[in-house]
Amino acid sequence: MALSVSTEPKNLQPTSAGPVDVGPPAAGPAAATSAGPGGLGTTGGTEAPGTSGLAAISAIPGEELVDDTEPGGRRAGLVASLRTLGSKPGFVLAVLFIVFVAVTAFAPGLFTSRGPFDTAPADRLVSPSFDHLFGTDEIGRDLWTRMLYGSALTIKAALIALAIAVIVGLALGVLSGFCGGFVDALLMRVVDVLLAIPALLMALAIVTALGFGTVPVAIAVGVGIMPGFARITRAEVLRIKTLPYVEASRAGGASWLRVLLTHVLPNSWGPVAVLAVLDTGVAIIYIASLSFLGFGAAPPAAEWGTLISAGRNYLVTAPWVSLLPGLFVAATVLSLNHISKTLQERGR
Amino acid sequence: MTRRLSRRGIAATALAVTAALGLTACGSSDGEGGTAAAGGEPVAGGTLKIAFWPDNPSFTCLDPFQTYWIEHRTVIRNVADSLTDQDPKTGEIKPWLAEKWEISPDGKEYTFHLRDGVTFSDGTPLDAAAVKANFDGAQAVVKETGGATYGASYILGLDHTEVVDPSTVKVVFSAPNSSFLQASSTTNLAIISPDSYKKTSKERCLGQYFGSGPFTLESYKPNELTTLKKRPGYAWGSALSENTGEAHLDSVEFSYVAEDSVRTGNLVSGAIDIAWPRNPFTVEDRELITKSNGVVESRPLPGVAAAFYPNTTAGRPLADLNIRKALYKAFDLETYAKTIYGADYPVVAGAFDSTTPFFAPQTDKLRHDVAGAGKLLDEAGWKLGEGGYRFKDGKKLTLVLPTTTQFGPGAELIQDQLKEAGIELKIEVVTGAELPAVLKNGNYDLTSSYFTRAEPGALQFILDPDYANSKALATNASSPETTAQIKKLFADARETTDDAQRESAYADLQSLLIDQGVVFPWFERVQFAGLSKSVHGFAFTSESFLKLNDIWKQ
Numbered sequence: 638m639a640l641s642v643s644t645e646p647k648n649l650q651p652t653s654a655g656p657v658d659v660g661p662p663a664a665g666p667a668a669a670t671s672a673g674p675g676g677l678g679t680t681g682g683t684e685a686p687g688t689s690g691l692a693a694i695s696a697i698p699g700e701e702l703v704d705d706t707e708p709g710g711r712r713a714g715l716v717a718s719l720r721t722l723g724s725k726p727g728f729v730l731a732v733l734f735i736v737f738v739a740v741t742a743f744a745p746g747l748f749t750s751r752g753p754f755d756t757a758p759a760d761r762l763v764s765p766s767f768d769h770l771f772g773t774d775e776i777g778r779d780l781w782t783r784m785l786y787g788s789a790l791t792i793k794a795a796l797i798a799l800a801i802a803v804i805v806g807l808a809l810g811v812l813s814g815f816c817g818g819f820v821d822a823l824l825m826r827v828v829d830v831l832l833a834i835p836a837l838l839m840a841l842a843i844v845t846a847l848g849f850g851t852v853p854v855a856i857a858v859g860v861g862i863m864p865g866f867a868r869i870t871r872a873e874v875l876r877i878k879t880l881p882y883v884e885a886s887r888a889g890g891a892s893w894l895r896v897l898l899t900h901v902l903p904n905s906w907g908p909v910a911v912l913a914v915l916d917t918g919v920a921i922i923y924i925a926s927l928s929f930l931g932f933g934a935a936p937p938a939a940e941w942g943t944l945i946s947a948g949r950n951y952l953v954t955a956p957w958v959s960l961l962p963g964l965f966v967a968a969t970v971l972s973l974n975h976i977s978k979t980l981q982e983r984g985r
Numbered sequence: 007m008t009r010r011l012s013r014r015g016i017a018a019t020a021l022a023v024t025a026a027l028g029l030t031a032c033g034s035s036d037g038e039g040g041t042a043a044a045g046g047e048p049v050a051g052g053t054l055k056i057a058f059w060p061d062n063p064s065f066t067c068l069d070p071f072q073t074y075w076i077e078h079r080t081v082i083r084n085v086a087d088s089l090t091d092q093d094p095k096t097g098e099i100k101p102w103l104a105e106k107w108e109i110s111p112d113g114k115e116y117t118f119h120l121r122d123g124v125t126f127s128d129g130t131p132l133d134a135a136a137v138k139a140n141f142d143g144a145q146a147v148v149k150e151t152g153g154a155t156y157g158a159s160y161i162l163g164l165d166h167t168e169v170v171d172p173s174t175v176k177v178v179f180s181a182p183n184s185s186f187l188q189a190s191s192t193t194n195l196a197i198i199s200p201d202s203y204k205k206t207s208k209e210r211c212l213g214q215y216f217g218s219g220p221f222t223l224e225s226y227k228p229n230e231l232t233t234l235k236k237r238p239g240y241a242w243g244s245a246l247s248e249n250t251g252e253a254h255l256d257s258v259e260f261s262y263v264a265e266d267s268v269r270t271g272n273l274v275s276g277a278i279d280i281a282w283p284r285n286p287f288t289v290e291d292r293e294l295i296t297k298s299n300g301v302v303e304s305r306p307l308p309g310v311a312a313a314f315y316p317n318t319t320a321g322r323p324l325a326d327l328n329i330r331k332a333l334y335k336a337f338d339l340e341t342y343a344k345t346i347y348g349a350d351y352p353v354v355a356g357a358f359d360s361t362t363p364f365f366a367p368q369t370d371k372l373r374h375d376v377a378g379a380g381k382l383l384d385e386a387g388w389k390l391g392e393g394g395y396r397f398k399d400g401k402k403l404t405l406v407l408p409t410t411t412q413f414g415p416g417a418e419l420i421q422d423q424l425k426e427a428g429i430e431l432k433i434e435v436v437t438g439a440e441l442p443a444v445l446k447n448g449n450y451d452l453t454s455s456y457f458t459r460a461e462p463g464a465l466q467f468i469l470d471p472d473y474a475n476s477k478a479l480a481t482n483a484s485s486p487e488t489t490a491q492i493k494k495l496f497a498d499a500r501e502t503t504d505d506a507q508r509e510s511a512y513a514d515l516q517s518l519l520i521d522q523g524v525v526f527p528w529f530e531r532v533q534f535a536g537l538s539k540s541v542h543g544f545a546f547t548s549e550s551f552l553k554l555n556d557i558w559k560q
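Order-wise, the sequence lines are chains V and E. Whatever position you read off the first sequence (first residue = 1), add 637 for the numbering used here. Whatever position you read off the second sequence (first residue = 1), add 6 for the numbering used here.
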């Protein structure tokens, strides 16, 4: 990761970073010379004022160099990346859709005037129309409205699940990769066992033990997808631990904790971030699966999976009841996958 | 020439018969189990494929005495015969394995005179000793399970059975049991070979027994497939069937399909011949079946209607009779039936379904009246407050309904109806395994239940704490005084041989159940069956189970 980031600025900075970093003419050549970890010694020092004033106050110039070139390169890279990404219509569409879903999750009332629980027996199983965008269900509730209010539950559950997975996974991974030895062996065998059990199956077992509801489902899914995060983090930590700048900072007298927090952790969560976006989609699918099976929120509240499940009996006769919420979930997950894939490609 | 003529004659007769039968078939057999939707001369042979909903997850059983799963009672009906049969149209008891019977004036002794020439499928003859073995075996199972077995409510007060002579058997009760004659017609008291009772009750549950029915049980793989084979030489069908001899079909396969839509799809695509749902078909499914040239048959299941039972223990909102009365007015049963099951679906009118003998409708007391409900609640001190819900002393009027979601759809419509009256219905989804504990701890306000039997006494199985499946539900459903009243009315009806007294006791009971707010009817349970166009001779039994005697395929 560090390597790829430091090579990127080489060809990008002359065009994009120039205007951003006001002034220092040294920026261009500095980046050009700082190709690879080998050139970190003194050239980075000249670049420091241009990117961040903090480096100048730093007590150990040699150590801070790495960090300074990194954010500087990253920010420049980000702008360039955004430009390139902005020219990809698929990516833009996916992002816009995810933004829409996120907004509905926190303010579902913005997009509908109906209540999600208002039944209307007379309007039973009305097919989609301008009045009812997604049609109505078997007791006349507007499915578009229920879909939006379902976002609130599903997205929040996905966020809780992801938070659990990322925090616990990252902690375990870092601990395991950084400590090595017995701790590593022990933690990784535990993770092995967890990985051996299919995540959805484990989530099912956990939710059965915890009871029904949105939060138990979120916890179950979070624990279910956590092992992947631990494994990836560990791999990254192991890789970064051996890099020369870590060695350098150790040689410079930094404590292990300091090395961990300022060097290893920030540099290892790139792939974890990509995995997080990718696993948001997975989490949503798992949450929808569990609520499809009836483990979700208590009726009349409905998560996406509950909506899909409720239309099962009308698949042939009133397909929209299951199909439209299903397509909505599919679109959300596909968008997330597309975003994470694109980011992954950019990262290479 | 003569040959040609006679052939023409046959054709003409066949046509006439077809037309006549066709006409009766068009009359639809709704509500009448006896009519056979025939369409010509029966054709022998073929395998009939029937799809049920899933097997009982907590008690996989095919033993007549122990089974309550209504799908399996259908299977048993075709494998084992009973002493008597019940006419689906009139509720009258007709001879079957017993040619005639006498009931002693005090109602304590039932003497059955058995038919000659009947054998079980293992070859043993049906005689008085075999019948005695059955009742002795049943009593043993009751003892073994501490009275919790389902057949127990059919033989209440049974003392012992005597063999009078090889073809006469006397069943003696310690107290009169007027519902026993009806009980003798049910699948639960179907007679199986005496050797079957040498097996354990578990083994019998897995199908290790022999009946005397028109089919034999070939195999039973729980929740997978149950297969029946035709019994050659069968010749003692009840007179209520058109075909009292060997079955037309060679074999029958019962599969278990969890998804209603898949089951209907299977029928429409021709993968199965009969779709047999537990929850009534949706209107859409019925249309789908009719459109694909299939036939939809239906008959309300006799016995206890789908209903909610309250928790009236002190401290719970429903301890107040006024709130229970308001609840009746808050329910809109007509809209519920129309919305969930279609415009022509019967509206429930009391604790029992309309096909139950001695049924007395309570329609007026169940009328929807939100304003009336509001008035009652106002008087009880529950005032409208935040969110349209009612509050008293800062406490919201909340009713908890634990549910397994498997039975009875549309609870969310009821929830919205109650909301209009300011009552919050909290639906708590629990697993089937958790439900008994929830009931036992009293952490509920309403819970639903039902039970199928063509006799009002079926309700004892829910409401009488001595015989109830869930003692907690029965105890919580009414105050001790009301429970005593209910028990007395059941006893009045049971311990008499006078039909008029039974009728008046059951009428009083049905009225009391609503007046005291013990039963909150939800919907009439209708047994639907979707038939492919190749199925003929369909008939319901008096308990709305499927009878295969007359069925043939073409």
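Treat the hints loosely; a few may be bogus.
[As the list claims (entries may be wrong)] Below, a list of computed lysine-lysine pairs in the DSSO-like style, where the Cα atoms sit at most 30 Å apart:
| no. | chain 1 | residue 1 | chain 2 | residue 2 |
| --- | --- | --- | --- | --- |
| 1 | V | 793 | E | 402 |
| 2 | E | 425 | V | 793 |
| 3 | E | 204 | V | 793 |
Since the hints were derived computationally from the structure, they do not count as laboratory data.
Each hint, compared with the structure:
Taking the CA atoms of residue 793/V and residue 402/E, the gap is near 27 Å; set against the 30 Å cutoff, the hint holds. A distance of roughly 27 Å separates the Cα atoms of residue 425/E and residue 793/V; the hinted pair therefore holds under the 30 Å criterion. Between residue 204/E and residue 793/V, the direct Cα distance comes to roughly 59 Å. Violation of the 30 Å bound is thereby established for this hinted pair.
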